[in-house]
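S.K.: Generate coordinates for the entire structure from the input sequences, incorporating the hints supplied.
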Amino acid sequence: DMATPPTLHVHGFELVANAECVLNGDEYYSNEKVVQEYYDECQRIVLDACPGATSVVAFDHNVRSKSGRESGRRTEGGSQVQGPASLVHGDYTADSAPRRLSQLAQPPKANDTNTKKEPLVAQETVDRALESGGRYAFVNLWRPIRPVETFPLACCDARTVKEDDLLVFAIHYSDRVGENYFARHDERHRWSYYSSMTPDEALLIKQWESAADVADGVSRFALHSAFLDPASPADARDRESIEVRCVVLYS
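Under full-length UniProt numbering, read the sequence shown as residues 1 to 251, first letter to last.
Hints are computed from structural coordinates only; laboratory data are not their basis.
Small disclaimer: the values here were computed from a predicted structure and weren't measured.
Keep in mind that the hints are not guaranteed to be accurate.
To be verified - Below 27 Å or equal to it, Euclidean Cα-Cα: the simulated BS3-like pairs (lysine-lysine) are: (1) K117 / K33; (2) K116 / K33; (3) K109 / K33; (4) K33 / K66.
Stated by the list, open to error - Beta-carbon label-pair distances, calculated as ranges: (5) L228 / N24: 25 to 31 Å; (6) S196 / D48: 20 to 26 Å; (7) Q123 / G52: 20 to 26 Å; (8) G52 / E32: 31 to 37 Å.
Here a beta-carbon is modelled for each residue, glycine too, at the ideal position from N, C-alpha and C.
M.R.: Encoded structure:
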């Protein structure tokens, strides 16, 4: 157990209790409701957790359910429902993070959930964030759609991960190429998870921080993964969750 609750700033992840919740249950399976109603809520929560940030833009999301994945379920007006990601990873790399930020200043592509059909971030804002002295971050807001009984999400204390632990994995989409970090096992890695999370709780996970500084205690990102909890009951209800990807801007 950690002596103090983990924070996004230091550890790379943070639990938000009593998180505002504008949607419920199956409403999260409506792409329009999520983009039009839930994104604003996520932006407010993430902004509150990032002192000094000037704005937050939600730009993508995934709905996850093991049974939904196996049955081929799709969100209404959106994409394929994914299963829990049971593989230790980080969503961005040193190369893919700035590239993804640059893409947000371009019109949306086939796999984007942006329904406005125009860039979400101004080019000059991206340029300032990427120049020397600029700052940006990517943060995911993960929330269970129903109480979690199996496959909870675990996060690794960013301070316990070294660069040599990481492996780059390329992901080829139909319209772009992304990169994730995978990780080698190391006994130093320190993992935490929140048991029995409910829909009024949200887990913030830092996916990239351009101004990370280990010496100053500013985390770069947190590795994370769903896992099969041996304490889960045999008749555990399927885990349903949604994660919304946000870019945090500081100028």
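S.K.: Against the earlier hints, flag every one the structure doesn't satisfy and list their numbers going up.
M.R.: No numbers; nothing is violated.
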